[in-house]
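Asks: Sequence order for the protein chains is A and B.
Going by the UniProt record's numbering, the first residue of the first sequence is number 1, and it counts up by one from there.
Going by the UniProt record's numbering, the first residue of the second sequence is number 1, and it counts up by one from there.
Among the clues, some could well be false.
Below, a list of computed lysine-lysine pairs in the BS3-like style, where the Cα atoms sit at most 27 Å apart [stated by the list, open to error]:
(1) K48(B) - K48(A)
(2) K131(B) - K260(A)
(3) K93(A) - K31(A)
(4) K238(A) - K131(A)
(5) K260(B) - K238(A)
(6) K91(B) - K48(B)
(7) K90(A) - K32(A)
(8) K131(B) - K4(B)
(9) K260(A) - K48(B)
(10) K260(B) - K260(A)
(11) K91(A) - K31(A)
(12) K32(B) - K260(A)
(13) K48(B) - K244(A)
(14) K269(A) - K233(B)
(15) K260(B) - K269(A)
(16) K269(B) - K233(A)
(17) K233(B) - K269(B)
(18) K4(B) - K269(B)
(19) K269(A) - K233(A)
(20) K4(A) - K131(A)
(21) K4(A) - K32(A)
(22) K91(A) - K131(A)
(23) K32(B) - K4(B)
(24) K48(B) - K32(B)
Think of the hints as simulated: they come from the structure by calculation, not from any bench.
Number of protein chains: 2
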Amino acid sequence: MTSKTVLIVYAHQSAGSFNAAVKDAAVDELKKQGCRVIVSDLYDMNFKTTATEDDITGAVMNPNHFCYGNETMLAWQEGRLASDIVDEHKKLKEADLVIFQFPMYWFSVPAIMKGWMDRVLTLGFAYTLEKCYSEGIFRDKKAMLSFTTGSHETMFSSNGINGDMNVTLWPIQNGVLNYCGFQVLAPQIFWAPTHLSPEAREGLLESWRTRLQGLLNEAPLTFPPADIFDKGKGFQLKPEVREKQADSPFGLTVGQHLEKPLPPQSQMKAGV
Amino acid sequence: MTSKTVLIVYAHQSAGSFNAAVKDAAVDELKKQGCRVIVSDLYDMNFKTTATEDDITGAVMNPNHFCYGNETMLAWQEGRLASDIVDEHKKLKEADLVIFQFPMYWFSVPAIMKGWMDRVLTLGFAYTLEKCYSEGIFRDKKAMLSFTTGSHETMFSSNGINGDMNVTLWPIQNGVLNYCGFQVLAPQIFWAPTHLSPEAREGLLESWRTRLQGLLNEAPLTFPPADIFDKGKGFQLKPEVREKQADSPFGLTVGQHLEKPLPPQSQMKAGV
């Protein structure tokens with residue numbers, strides 16, 4: 001077995017939290033397998049969250065109209081990015097798998113983790129307009145979300161008050177992870193752990209440990225290959241693919257739903 | 001006409017940006033109508049983005065397991081929240097309409113704006129488990145997203161490479177704005193303005209100015225009332241509502257899709 005490197009991007013304020021226990025379980029279990037595990041503990045690092053000119057050493061290209069994407073791409077090419085971004089780039093380059101561990105805040109990642117995404121997934125380094133989705137720069141890497149919710153699972157169903165979790169996950173799993181080319185593993189969702197007994201929480205950790213044993217060999221979620229979209233026609237689905245899909249009772253994905261019912265659990269389970 | 005107060009939460013680094021021009025157009029046009037306009041210019045304020053113990057003055061309740069929601073609720077009740085949060089609370093209380101103005105980063109708001117949401121929409125002040133969605137604390141206020149994209153409109157369609165924008169908007173418009181009770185106005189989307197000529201951009205600003213003239217009287221997007229979900233049964237749709245919906249070709253919303261096709265444009269247009 002070749003030794004793999006796993007980067008855990010971790011966002012909880014407290015070492016006494018359930019998120020910390022989940023992260024620690026991942027570190028232990030993956031090390032047992034011989035993995036090298038790197039943790040970016042964002043609160044502990046006091047990780048800078050905002051996308052500003054300070055992310056660039058030296059002069060910016062266009063001080064009158066600072067455009068973060070273009071400016072940081074140039075700084076990356078010229079080796080003038082802030083050192084904390086460079087550090088994360090190095091970890092990301094070495095990682096075979098990236099686990100994002102966080103409590104869900106407002107149907108999304110906490111701001112400090114969004115800041116990591118905004119600043120570390122630099123234009124040029126993590127994606128270009130040509131190299132994205134299935135042709136993305138990180139297509140040989142895997143990534144996954146592992147998170148706790150405040151709401152119960154029933155509330156995040158397609159007839160629950162929060163709506164289908166598959167919909168809520170789409171912008172992050174497709175728009176961030178799949179966009180950069182990552183093979184996206186099924187999310188690990190810990191439903192409302194604060195409402196559980198210590199024993200029930202320990203049970204959740206135990207099933208997480210079990211999953212971790214096979215995690216690196218899991219098949220990823222299904223996303224459409226980039227080449228079924230027509231670059232010359234606004235990156236819309238090619239007519240022949242659309243025709244082929246006509247017989248299916250479901251859309252292709254949550255986002256490419258083609259005015260059909262969403263494919264069930266497509267952002268939650270591999271192979272569906 | 002009673003004078004209304006509008007809060008613009010604005011996140012762009014540069015006064016020379018198109019986002020700045022959009023924000024300035026809103027300030028001008030709304031003032032012309034006699035509105036009081038307050039701008040929270042997040043980058044300019046160097047707004048703190050991370051949800052940490054520093055948001056609380058004095059001792060925290062549980063230093064071994066710091067839980068941001070509970071700790072800040074207590075601090076809010078006891079008047080011990082950080083002054084920058086208190087300042088935003090004051091603006092929010094006075095506002096009849098909140099406009100979030102930003103460039104879309106990674107299918108969502110920039111981290112600095114997510115930080116505003118994470119920190120300012122305090123448990124107790126902005127929501128409780130009882131007071132949410134249509135029974136939410138801000139149900140007499142309106143809110144909307146106004147943003148620029150990097151991608152063209154065709155790419156964010158239901159057969160485009162980024163998937164349906166209605167899906168991407170759901171977690172923010174439902175999970176943040178509707179959750180707090182806001183009446184959510186249709187988003188103002190400026191598709192890929194950097195790819196346009198200065199004249200075309202001016203045209204976009206002109207239609208924005210036109211929309212602003214009637215903005216405060218617009219009907220909001222449709223979200224289901226909270227009382228159609230059964231609190232005693234995991235906040236799932238009541239069977240009688242589900243039955244009533246059986247004849248419809250569409251689901252209720254993007255999130256409550258009931259395994260049917262999504263209602264077209266429901267996160268983009270009012271009255272659909």
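Asks: Is it true that the CA of K91(A) sits at most 27 Å from the CA of K131(A)?
Replies: 20 Å, holds
Asks: Given the hinted pair K260(B) and K269(A), is their Cα-Cα distance within 27 Å?
Replies: Holds. K260(B) to K269(A) sits at ~20 Å (cutoff 27 Å).
Asks: Has the given pair, K48(B) with K244(A), been kept, meaning a C-alpha gap of at most 27 Å?
Replies: 50 Å, violated
Asks: So if I understand the rule, the pair passes when the alpha-carbon distance is 27 Å or less; does K91(A) with K31(A) pass?
Replies: Satisfied, since the Cα-Cα distance of roughly 17 Å is no more than 27 Å.
Asks: Is it true that the CA of K269(A) sits at most 27 Å from the CA of K233(A)?
Replies: Violated: K269(A) and K233(A) sit about 31 Å apart, past 27 Å.
Asks: What's the verdict on K48(B) and K32(B), does the C-alpha distance respect the 27 Å limit or exceed it?
Replies: 32 Å, violated
Asks: Holds or violated: K269(B) and K233(A), Cα atoms, limit 27 Å.
Replies: With a Cα-Cα distance of about 25 Å, the restraint between K269(B) and K233(A) holds, given a limit of 27 Å.
Asks: Take a quick look at whether K238(A) and K131(A) sit within 27 Å of each other, Cα to Cα.
Replies: The given pair, whose Cα atoms are some 19 Å apart, holds under the 27 Å limit.
Asks: Are K260(B) and K260(A) close enough, with their CA atoms no more than 27 Å apart?
Replies: Given pair K260(B), K260(A) holds - Cα atoms ~7 Å apart, limit 27 Å.
Asks: Within 27 Å, alpha carbon to alpha carbon, are K260(A) and K48(B)?
Replies: 42 Å, violated
Asks: Take the C-alpha atoms of K32(B) and K260(A), compute the straight-line distance between them, and say whether it is at most 27 Å.
Replies: 45 Å, violated
Asks: Has the given pair, K90(A) with K32(A), been kept, meaning a C-alpha gap of at most 27 Å?
Replies: 24 Å, holds
Hint compliance for this structure: hints 2, 9, 12, 13, 17, 19 and 24 are broken, all remaining hints hold.
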